[in-house]
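K.L.:
If you read the protein sequences in the order shown, they are chains A and B. FYI, this note's numbering numbers position 220 of the first sequence as 228, with every residue one higher than the one before it. FYI, this note's numbering numbers position 11 of the second sequence as 1068, with every residue one higher than the one before it.
The hints are simulated quantities; they were obtained by calculation from the structure and are not laboratory data.
Among chain B residues calculated to face chain A with C-beta under 8 angstroms, some are: (1) 1114; (2) 1116; (3) 1140; (4) 1142; (5) 1146; (6) 1150; (7) 1161; (8) 1164; (9) 1166; (10) 1194; (11) 1196.
Where is the CB? At the ideal position from N, CA and C, for every residue including glycine.
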Amino acid sequence: MTRSGDAARGWLLPVLGFVSILVLWHAVVVLLQVPEFVAPTPLAALRTLGDRWPLLLQNFWPTAVEALAGFLLGNTLAVLTAVVFVHSRLVERAYFPVAVFFNTIPVLALAPILVLIFGLGMLPKIVIAAVICFFPTLVNMIRGLEAVGRPELELMRVLNASRLEIFWRLRVPRSLPFLFAALRIASTTCVVGAIVGEWIGANNGLGALIIQATFNYQSPLLYATLFVSSGLALLFFGAVVALEKRVLRWS
Amino acid sequence: MAEPFAVRMAGIGVVFERDGQRFEALRTVSLELAAGAFVCLIGPSGCGKSTLLRVLADLVPIAGGEARILGQTPAEARAARRLGFCFQDATLLPWRTVIANVRLALEVGRPAAARPPRRSPEELLELVGLGARLDALPGELSGGMRQRVAIARALVGDPALLLMDEPFGALDELTRDRLNDELLRIWQETGTTIVFVTHSLGEAVYLGQEVVVMAAGPGRIHARLDLRPAKAEGGLGRDSATFAALTGELRSLLAEAGA
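The whole structure should be built from the sequences, with the hints applied where relevant.
P.N.:
Below, the structure is given as structure tokens:
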């Protein structure tokens, strides 16, 4: 078997998988005569995607900005918190349970509280997206910074390395595979966070569009919005994977 | 230098505590090694030969006795970067290229403050035969090559004492033989004192000017076998009758030690 043959088959199977689901979806809607306001055919959804593209794009950008800002904010705070925790067992023992507690609050319950505090602008959406990214990155980053072998630490000790040198030259590089595993998760959940925030109160954004389309029984528009939302999440995911490939060439 | 001995240990004791259990790893170990010596440590597992090496590298605290490396305590010698250490596993940082792994020794621990390195990382990699693989990543190298990189890194800054903890234990026999030859050449070229822990009788006899046999429970020195008379006329061929005789002598010393 040639390499290019393998590559073609690598693409072919997922595409076939998607196409088969679309065909099944279409068949179910047509055969069961489902009314369009309940569930449109995939063709109708795709047609709306084309027809309403300007409206979708106009609502794409606020969500993209909120998700990206939340991604950056949440992950930065998570990494910094992990660094503090790894440096001070005392702080970790005091505050890690707090982080666990906050993580158990459903984001849907947290969203109204944040809207009350931060108002109806972009800020509460950014904060919700950040909150949803925070915990997985915190946990992974703590594990990553501690994923240092005893021989490696002994090597650094024989070389008389300082704590700071050990941190930058050993702990940080060791943590990167763990960090990227968390960033992959965060790249899609941050979009969820932004959309949930928009549900609670927003005039534009994909979340607001979802609410409007649902209340107006515009299901083709609702489905087209879902496509755009998952497209946004895939875009973030792809960016993280591309960055990971550049940074983690060794692993 | 006034200090005639590279290493002087007197009455060294090491005690580990695990889950409230005391374990005496070394008891009253005394050993003096001349500067420029190549000494092999051999003994049954649990005899504390690795622990002895770690005492010299200041990786294990001593419970009693006194250790000096060129007149300094192990902690002082470590802080002054006079020690090189090779681990069982090469312990290279996988994200760094070969040359960057060796340069690590120049980047951390303020080695430059001590003295300018006599040999650059490039020259050291040339010395271990890896001058052509500077930009390779450790994952692309064989086990033997990785250990060569580790040796080059340990030699940065001309350590007065090179401590090697079964560095070739995981390698196949042919690679091990070749690296033994290279290590002897490096020892002759650099003049550094080497303490080498091994499980292999042949390796100990082939490499050492002297072999120290240790016994377990608690770890202590059982016997010392001076190989310098046998090696006075140059190296000792692995197939020679003298080599076989010395290996046999070492085997019976080890049997006495309870291996």
